[in-house]
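Student: Whenever a hint applies, use it, and build me the whole structure from the sequences.
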Amino acid sequence: MIRLSGLRLVGVLGALVAVLVIVALVALATGPSGVGVGDVMALLRGESIDPAARDILLAVRLPRLVLGLLVGAALATAGAVFQALLRNPLADPFVLGISGGAALAGIGVLALGGVVAISPRVVPIAAFGGGLVATALLYWIAGGRGRSSPTGLLLTGVVFNAFASAGIVFLASVAGFFEGSRIFLWLIGHLSAVDVDAAGLVAASVVLGLGVACLLARSLNLLALGDETAAHLGVPVEAHRRWLLLATSLMVGAAVAVSGLIGFVGLIVPHALRLVIGSDHRLLVPATALAGASFLVLSDTVARTLLDGRELPVGAVTALVGGPLFIFLLRRAQARGPLA
Amino acid sequence: MSAASRGGKGRAHATSPRDAGAARVAGERLGFAGVAVQIGERTLLEGVDFTVAPGEVVALAGRNGAGKTTLLRIASGERAADAGRVRLGDDDVARLSRRALARRVALVPQDLHVPFPFRVGELVLMGRAPHQPLIGLESERDVELARAALERLGIADLADRPVTTLSGGERQLVLVARALVQEPGLLLLDEPTAFLDLRHRVEVLREVRAFARAGGSALVVSHDLSLAARTCDRIVLLGGGGIVGQGPPDHVLRPETLRAAFGIDVRTFAGPDGAMVVVPDLGAGG
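If you read the sequences in order, they're chains A and B. Numbered per my numbering, the first sequence spans residues 1 to 340. Numbered per my numbering, the second sequence spans residues 1 to 286.
It is possible that some hints are incorrect.
Covered stretches of chain B (in silico footprint by chain A; criterion: 3 or more residues with CB under 8 Å from a CB of chain A, positions within the stretch not fixed) [stated by the list, open to error]:
(1) 110-118
(2) 126-133
To list a few chain B residues with every Cβ distance to chain A over 10 Å, as calculated [stated by the list, open to error]:
(3) Gly40
(4) Gly84
(5) Arg85
(6) Ala94
(7) Leu166
(8) Gly168
(9) Ala194
(10) Arg206
(11) Gly242
(12) Glu256
(13) Thr268
(14) Asp273
Calculated from the structure, these hints are not laboratory results. Beta carbons: idealized from backbone N, C-alpha and C, even for Gly.
Tutor: This is the structure:
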């Protein structure tokens, strides 16, 4: 009988950590400046290297790497949690419009920053609030409590996203301090503007959110079977759901505040992992965080190098992978039975 | 059939060598006293009084919408009664925590939609959740319990199959296995045999009997009155906003009582095994 043994848990997570380390090294060693593997290795060994190369590695690539890890882990984990809570394998913070809500609130604060002085640290907090409001609205509109129809949820998300995108463009235009390309970066999602000021707050949010999701992973297994079943098996449904929604909103808010609307990470990563390691959230949640981090860093490395000398926003890469996958999953779900 | 044969009837019908070594179950007494159920403005049920004692299997029957499933939900703590009290042993069900209740009461729902491809073994092991700490893995004993339950229900070969690939009947057997693994004192079953073939019906009801013989108590919602007459010690028949009859099957399964519950004419007679058989009177003679 297949079961989650300690050996399997350690084995899978260990392998994913190894993948993450390799991906991180590749990301550090890749870039247009000619600083490569040799410099990374020398730096790791503690040898002295060219100060310019050292600056590129530590001041440019490393912060971007760390940001990518955090955002990838946050978005992927949030996807896995939303899928279980909404009992819908197509759920993802971007598809559901949670990221849109967070981005709108974040932009709102930034726009307000043109009028009154606001610390950039406030942006993640506002984005968290926006994500939370979007989550609450989603539950309210779509009927919530896991009974909502999948089509209703997805439609609500589409409308949310359209509204949020329009709101972002509107606010940025009114505030007048965003040049067009920066709005574009927010809307498509990017890792190129590393805000060191907010990094600590983002890291804390992601660690906190991940901690809650891992702690309540067994409840996620039961909640994925529906509220009634979870309750019959002893889960304090309301309390645990509230904690999980807070945790995911926190993670999504933090991720969106620094990277904008990177889509489909929460759809692609948990889905691919389920095929390989199964559906037990005690393994799936931490594995999703690790794989999500690897996936986004890898996507960003591709985005940085695909077009020689020019940078793609990473959100374009994830959407190019995720869009077709979403359509494929939707088609398959429809083939198995009416979605509504 | 005579009243004298009633006490041991279920036991006689369900003798099985498989449960000879079954562990004792600390059975729970379930007591409904003056329970009323409101659906919006409408009073669905009123003055519901009945008990399920340890060692007893009680059937809950009545027409669609009579409130059978609602009473199970109240017994499982999912819904509160609008009046009256529901007790589990000495405790008020409404005052027990979800976790405390889940250690004492297991519910087998009519069906379960599982959106993710959990394996059958994983789903059955989830029945251990109320006994486990918040984080951690299953113990050897948990796994043994799950394996034994799957074997007793004849579905050990399904253990590694994704739940999403099972038929409705197979899923029902898995849900019964999960409830047994929960090690409850009271088992609530909502039409556990609706999707099952004859053989698996008997298997499930035999497990329920074995559970009661080991000391557990069981409340089974059933539409199959003839099968209930063979497997249950007592029948509680709902109708007209309350209980129209309760007692041993041969006492409740009478044409006049059934007419009060279902509003149609039925014929009842003793089958070759002495237990009642209920067939609708389709009124060939008008």
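Student: Now look at each hint and say whether the structure bears it out.
Tutor: Hints versus structure:
Closer than 8 Å: that is the beta-carbon criterion, and the region 110-118 of chain B has 7 residues meeting it against chain A, so the requirement of 3 holds. With a threshold of 8 Å between beta carbons, the proposed coverage of the region 126-133 of chain B by chain A holds, since 5 of its residues qualify and at least three are required. The beta carbon of B:Gly40 sits about 18 Å from the closest Cβ of chain A, which is more than 10 Å, so the claim that it is off the interface holds. Every CB of chain A is more than 10 Å from the CB of B:Gly84 (nearest about 21 Å), matching its label as outside the interface.
With 10 Å as the threshold on Cβ separation, the claim that B:Arg85 sits away from chain A holds: the shortest Cβ distance comes to roughly 20 Å. For B:Ala94, the shortest C-beta to C-beta distance to chain A comes to about 13 Å, beyond the 10 Å cut-off, and the non-interface label holds. At roughly 14 Å from the closest C-beta of chain A, the C-beta of B:Leu166 stays outside 10 Å, upholding its exclusion from the interface. The claim that B:Gly168 is not at the interface with chain A holds, since no C-beta of that chain comes within 10 Å of its own (minimum 13 Å).
The beta carbon of B:Ala194 is kept farther than 10 Å from every beta carbon of chain A, the shortest such distance being approximately 17 Å. No Cβ of chain A approaches the Cβ of B:Arg206 within 10 Å, the least distance being about 23 Å, so the stated non-interface status holds. No Cβ of chain A approaches the Cβ of B:Gly242 within 10 Å, the least distance being about 26 Å, so the stated non-interface status holds. The beta carbon of B:Glu256 is kept farther than 10 Å from every beta carbon of chain A, the shortest such distance being approximately 37 Å.
The claim that B:Thr268 is not at the interface with chain A holds, since no C-beta of that chain comes within 10 Å of its own (minimum 35 Å). Under the 10 Å C-beta cut-off, the non-interface status given to B:Asp273 relative to chain A holds; the minimum distance is some 34 Å.
Consistency note: the structure conflicts with none of the earlier hints.
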